[in-house]
Amino acid sequence: MTNEAQSRDMQVKGKQEVAGAEQTRPGPVFIPAVDIFENENGITLMADMPGVATEDINIDVRESTLTLTGEIKPFENADETDILVEYETGQYYRQFTLPELVDQDKIDAQLKDGVLTLVLPKAEAAKPRKIEIKSN
Amino acid sequence: MITRRFLDFPDFGWRNPFEEMDRVRRYLDQVRGQADAGYRIPQAGVFPLVNLTETKENYILRAELPGVKAEDLDIQATGRNINISGQRTIEPDPNARYHRREREAGWFSRALTLPGDIDREKIEAQLTNGVLTLTIAKSEKARPKQIQIKG
Numbered sequence: 004m005t006n007e008a009q010s011r012d013m014q015v016k017g018k019q020e021v022a023g024a025e026q027t028r029p030g031p032v033f034i035p036a037v038d039i040f041e042n043e044n045g046i047t048l049m050a051d052m053p054g055v056a057t058e059d060i061n062i063d064v065r066e067s068t069l070t071l072t073g074e075i076k077p078f079e080n081a082d083e084t085d086i087l088v089e090y091e092t093g094q095y096y097r098q099f100t101l102p103e104l105v106d107q108d109k110i111d112a113q114l115k116d117g118v119l120t121l122v123l124p125k126a127e128a129a130k131p132r133k134i135e136i137k138s139n
Numbered sequence: 004m005i006t007r008r009f010l011d012f013p014d015f016g017w018r019n020p021f022e023e024m025d026r027v028r029r030y031l032d033q034v035r036g037q038a039d040a041g042y043r044i045p046q047a048g049v050f051p052l053v054n055l056t057e058t059k060e061n062y063i064l065r066a067e068l069p070g071v072k073a074e075d076l077d078i079q080a081t082g083r084n085i086n087i088s089g090q091r092t093i094e095p096d097p098n099a100r101y102h103r104r105e106r107e108a109g110w111f112s113r114a115l116t117l118p119g120d121i122d123r124e125k126i127e128a129q130l131t132n133g134v135l136t137l138t139i140a141k142s143e144k145a146r147p148k149q150i151q152i153k154g
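Heads up: the protein sequence lines correspond to chains P and W, in order. Residue 4 is where the first sequence starts when you use the numbering used here, and the numbers rise one by one after that. Residue 4 is where the second sequence starts when you use the numbering used here, and the numbers rise one by one after that.
Isolated chain W (complex conformation) (with noise of 0.2 Å):
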């Protein structure tokens, strides 16, 4: 490749000889991208992966957190930034011997930016069968208004 684009441009003489390279990686890069999106939910990559609807009154937060308690969890609210942080624990058996182990555990922490303002003080948080709802009240400006038309 190197040699024709020496007979291709002849006068450019010796240019970066990684060039090619990095295009060629670059394109392998796309492909790849191509590939994934066909596929795949788009997703932040971060644990836990969220699902966010909204109401006329409020922004609804969903994660997936199975085995994850209360106590280990930690939600701040910062602008219009939720963030989840905190810890899953699985208490390994010692004497135990292990046929398989998908489950992971660690530290997480997500960070979300709602589209819109938010009220701080009205956010609840519920923890059911290993589902966290937050349930984020939109602030006043954020709330859609319906307009009357005056006859």
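Next up, chain P with everything else stripped away, as it sits in the complex (with noise of 0.2 Å):
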């Protein structure tokens, strides 16, 4: 990201609710924002979800899909009533697929900040390797 989107004002994005979800709790299922980006050691994941706690995250490699799911516990107290209601709560849920490339065994993830970054190293195979040319 460039310096210059840095400096501008944030602006409002209400969250994406997944649509038509087909799920066994109630409530809304809201799909979180991520950033995905690529260097030459492997992928990493960054996934906006806040409110969720590090025990509540879940994150499920089968085959090449990554899924990831958070759940929110409720943490308005019962005497509380509301006022103003801006935005809601609910479970976040998004899947990917992982290209081959992935070493699975080794995905790494860290929970900062209500933001959830997976770093996804590539397997030495798919590695570039840059083949240096012996002078005699």
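No lab work stands behind these hints: they were computed from the structure. You can trust all of the hints, since none of them are fake.
Capping the alpha-carbon separation at 25 Å, the derived lysine-lysine pairs in DSS-like fashion look like this: (1) P:Lys16 / W:Lys72; (2) W:Lys72 / P:Lys115; (3) W:Lys72 / W:Lys125.
None of these values were measured; they are calculated from a predicted model.
Dock chain one against chain two, each of which comes alone in its own frame, and use the hints as you go.
As structure tokens, then:
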């Protein structure tokens, strides 16, 4: 992201709700906003999941599908009455298809300030290799 | 439409030719407003979105601020107003190739007027898992008082 983008004023973006989600739990399900970028060592995925505690995040890799789910525990106390409700809270759910080059055993996950960072390292075979030309 | 108006009101002569267009524009704005209201939660349109609740003693204000550090947040209380401003920074990786970029960075400022008087000395702020929670004590006058009925 450029410096220009950093100095902008932030715009309100409503949460994206999963359309026609088939779910077993009641309540809304949202799609977390993500950044996905790739460098020579691997792919990094960052997802905004505010309100989710570390133990409530579920990262599931099955074959080549990565599923992120995050549960929000109700944090309002029973004696609170709503005055203004601008956003809803609910579960987070998003699925990604992993490219074959990801080393699935070495996926690293970290949650900080409501942002989940997943580092998906590339398998050794997939890393770009510079071929040195030997000269006699 | 202009022609028809001439026929309807021949005595009025030439009026502002843009009047008709203004009317159409207002009508379209109205229609669009109605369509939006159907599926959208009313919001101020200013980042961050907040939820406000109250108990007998406190107002509780919550805002989702993922990736914002406590030191980048500035919270001020003036009178009944609470002002939350700050910056969300996303460190770019210059060597990376982006596949998807949905998360935004930038400055924000949100002012909110609470419905009752508050005790500015008793405001607690907490930032957990990207959710800011402000617990704002109501002033003595704003708290409900139980009235006993004398028998």
